[in-house]
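Using the sequences and the accompanying hints, generate a full structural model.
Residue numbers (this note's numbering), protein chains in the order written: chain E, 1 to 341; chain B, 1 to 341; chain V, 1 to 341.
Keep in mind that the hints are not guaranteed to be accurate.
Only pairs whose alpha carbons sit at most 27 Å apart, straight line, appear in this in silico DSSO-like list of lysine-lysine [claimed, not checked]:
1) E:Lys26 x E:Lys144
2) E:Lys175 x B:Lys93
3) E:Lys93 x V:Lys182
4) V:Lys294 x V:Lys144
5) B:Lys316 x V:Lys80
6) V:Lys332 x B:Lys175
7) B:Lys182 x V:Lys93
8) V:Lys175 x E:Lys93
9) B:Lys123 x B:Lys332
10) B:Lys144 x B:Lys282
11) B:Lys144 x E:Lys182
Since the hints were made in silico from the structure, they are not lab data. Values in this document were obtained by computation on a predicted structure and should not be read as measured data.
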Amino acid sequence: MNYLHNTWYVVALSSEVSSQDLFNRKILDQSLLVYRREDGEAVTLLNRCPHRFVPLHFGRRVGDDIVCKYHGLRFDCSGKCVESPHGDGNIPKTAAVLSFPTSERHGFIWVWMGNSELADVNKIPKYTLLDDGNPNSKAYSYMKVDAHYEIIVDNIMDLNHVDHLHCPLVNSTGKLSLNIPKVIEDGNDVSVSWDWHQDPPLEVFSAFLPNPGRDAAHHFSVVWTAPSSILLTASANQSHADDKDALISWNHHLMTPETETSTHYFYATRRNWLVEDALLNKTNLNGAIDAFNKEDRPFIEAAQLEMGTADLNSLKPVLLSRDAAPIRARRKLQMLIVHER
Amino acid sequence: MNYLHNTWYVVALSSEVSSQDLFNRKILDQSLLVYRREDGEAVTLLNRCPHRFVPLHFGRRVGDDIVCKYHGLRFDCSGKCVESPHGDGNIPKTAAVLSFPTSERHGFIWVWMGNSELADVNKIPKYTLLDDGNPNSKAYSYMKVDAHYEIIVDNIMDLNHVDHLHCPLVNSTGKLSLNIPKVIEDGNDVSVSWDWHQDPPLEVFSAFLPNPGRDAAHHFSVVWTAPSSILLTASANQSHADDKDALISWNHHLMTPETETSTHYFYATRRNWLVEDALLNKTNLNGAIDAFNKEDRPFIEAAQLEMGTADLNSLKPVLLSRDAAPIRARRKLQMLIVHER
Amino acid sequence: MNYLHNTWYVVALSSEVSSQDLFNRKILDQSLLVYRREDGEAVTLLNRCPHRFVPLHFGRRVGDDIVCKYHGLRFDCSGKCVESPHGDGNIPKTAAVLSFPTSERHGFIWVWMGNSELADVNKIPKYTLLDDGNPNSKAYSYMKVDAHYEIIVDNIMDLNHVDHLHCPLVNSTGKLSLNIPKVIEDGNDVSVSWDWHQDPPLEVFSAFLPNPGRDAAHHFSVVWTAPSSILLTASANQSHADDKDALISWNHHLMTPETETSTHYFYATRRNWLVEDALLNKTNLNGAIDAFNKEDRPFIEAAQLEMGTADLNSLKPVLLSRDAAPIRARRKLQMLIVHER
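Next comes the structure, spelled out in structure tokens:
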């Protein structure tokens, strides 16, 4: 399987794993058990008892430990078998469940699927915008997509599609396509940005600008961090001199491969206007989810069906000048995977 | 994939593709877009934008061109990219969609999946009986079948099964099996015919003969044209001297492989009696479709499950004398495929 | 496929095949037709006409013969084609359906899938307890399980799981796990047994003991016969000296592979108390089926999904001392399969 392993992936939204849950999700083709210790800290184990390979999330919690429901083996949160109810209670040295470094940041639970000695929480992307702000200015969601995660990355790295694919809420009316976007590589990041004017503005901003429905300067900036984390910043401004008047929406798109053809898609957004407005918050989140489900998803999943498990390049796609950003992200990720091996 | 490519296949009934449709169907494992130019002429393109591999039938028409809905590339009806909304509008030379020679004849849209330089519309079987006649004497239908197309061909090339499998509407009461049918090979055709008497006649004819329910001479003739087009002519006659009194039903069975295990089954029929009777026309069509769905289809699809993707001969079938016709058709097709390679 | 062929498998409960049925079931990846001759004797043929590979169970019976519904070939109960309605009626020598030695014993129809010259009915496990006794003291059932048959064998060969997995009806409250069970190998058998006391007794026994709800000696004995037949005897006794007072339940678990990942699970039970009580009989059977479906099945099928088609040992399971019985059964079966090749 063609995955980068020595990296952090989001396995769940923080809100998906409550204090008593034995939460199960498959990522990188491996079924995982995620749960919280009594002190709240998230733990990730391979969701498979090493004795007869049944799922541990069918079991039960005893303190910070998990007891397998099939034959009663008890494992601590490091995966070590600490109790066997059988015979003399002897525990074979091999009786352990694989555990994975886990860290909770910015409203997500992150897991390191590679060599645990290399796990460094400082390598988690610093999405600190999600750490403060009014709760009504922020929202999270989770979706499952039947496509390779890089097809979703391509979708966001080439926002020209916003000119063509989307409804008025976020439609850029052909203006993005006229630009050759600026692309910058920096370490494990690839960034791309667009600046343009449109009249009327994107509907998501228009009514909240000083002069609703009138021309505004727009800016999109996309920062991809390997392997598949993206921060998309979108803004609109009618004040030529003063950026502090800009309406800004920060959109975190975090893709975690489930398998080679399916993806867990985590999304978190924050805005800087009407930050106490819970209804607007909900309306905007639903609008974003709707736009993805009705407009992006059919294209992404249909492309998956056409491409199967073939590598994009092997299919010799037509390359356009504005494809530089997604192509560089794909190349960088491929180099990291090759290097890891 | 074991297909003959340099040949015409039916991709759709003419009636399935209206003037504004972007019609999608997969044949020979390839997803195709079929649509009509403004002058009505049918066009076939590979249903896949060469940029990001999304389906073109999600797009929209502009005159005779197709605009991909994902990033706005515009292709003419030859598949050439004629407009890019991006940056300086430069169009890479490779930006083209594969197009396929297409011709509309006898109520079907035919497409040539092989070398387009070899495409010759004169090689389309001349099913001219469908070109005239009262509209109420003719009917078309389309069905999808979960079986290799040659299993359906076998079914029609060996009409002895009509003695055993079918309901009274078309049951030949054991009479066909007594014959060793006549088989003739001619170019890309294999023909087979049966003559017999039965009393009462086939129900589809009986009530319309001069002496309903009484003995009649019957004739079946099947002409297979490689790779998978069949004209089955069925007739009944109570006038010994005069063929012009015969009731005749012409049945065109055109099988197009979707995949190695599924088939698009196109059917067109015409009769020479009560040619203005719309109700009879509908009743007969429904009877034929019902007979196929309830009687033939379960056997054909079960044989597919048993055979998988194995070649019939590799399974060493028992061969009976009356199997000459389907066996010769299979051999001729296999020779054509080998020769094409 | 990794099956033992020279052995008897249950293909159906006797009660599943009535006098006129053309019964179809796939075992060891082969679709079989099971029916009864007019004298009631069960017959097994490959469920596939050798002419066009359609299922014979779509056909009809004529005396002890089967007529294929597709083209009318008639086969006798040895599989020989005895009549062709076609042309001169000549029957090719190869026109035969594979037949399998079949024997009906103990309420099951057994079939021999290997070399028929080696079929010896004396090799059928002698489950004679099912041959007599009050009808209300015995019950049979059939279930389909989406798992390799050896995972189900493991489940029964390691009854320690009864301490952890099951509801009170059959829960042994941690007592079995304290034992290292006795394991005995003998020819094609592996036996394992447990003795323990519990208070209150297993609910299935408790109310019927002289002192309901009070301590009782319990005994489980499991006898596995290759490849996948098991007799599980469970008993409880409050009379220290006298075994004749014991309540005994005999449980026959017979697993027949359908494919490498699915199993036909046949079950027959008999008890020695309240043998005329039809309601108790039904309650007990439903309790056993419920316990399997709600408690064992989810674990067995989840283990299958985790293990895929990998061999258990290749996955390096943790071995505990009390795993001796299932591990020996797996080894013995593997040796028999290797030897057969």
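Check each numbered hint from earlier against the structure, then list the numbers of those it violates in ascending order. Hints 6 and 11 contradicted; others consistent.
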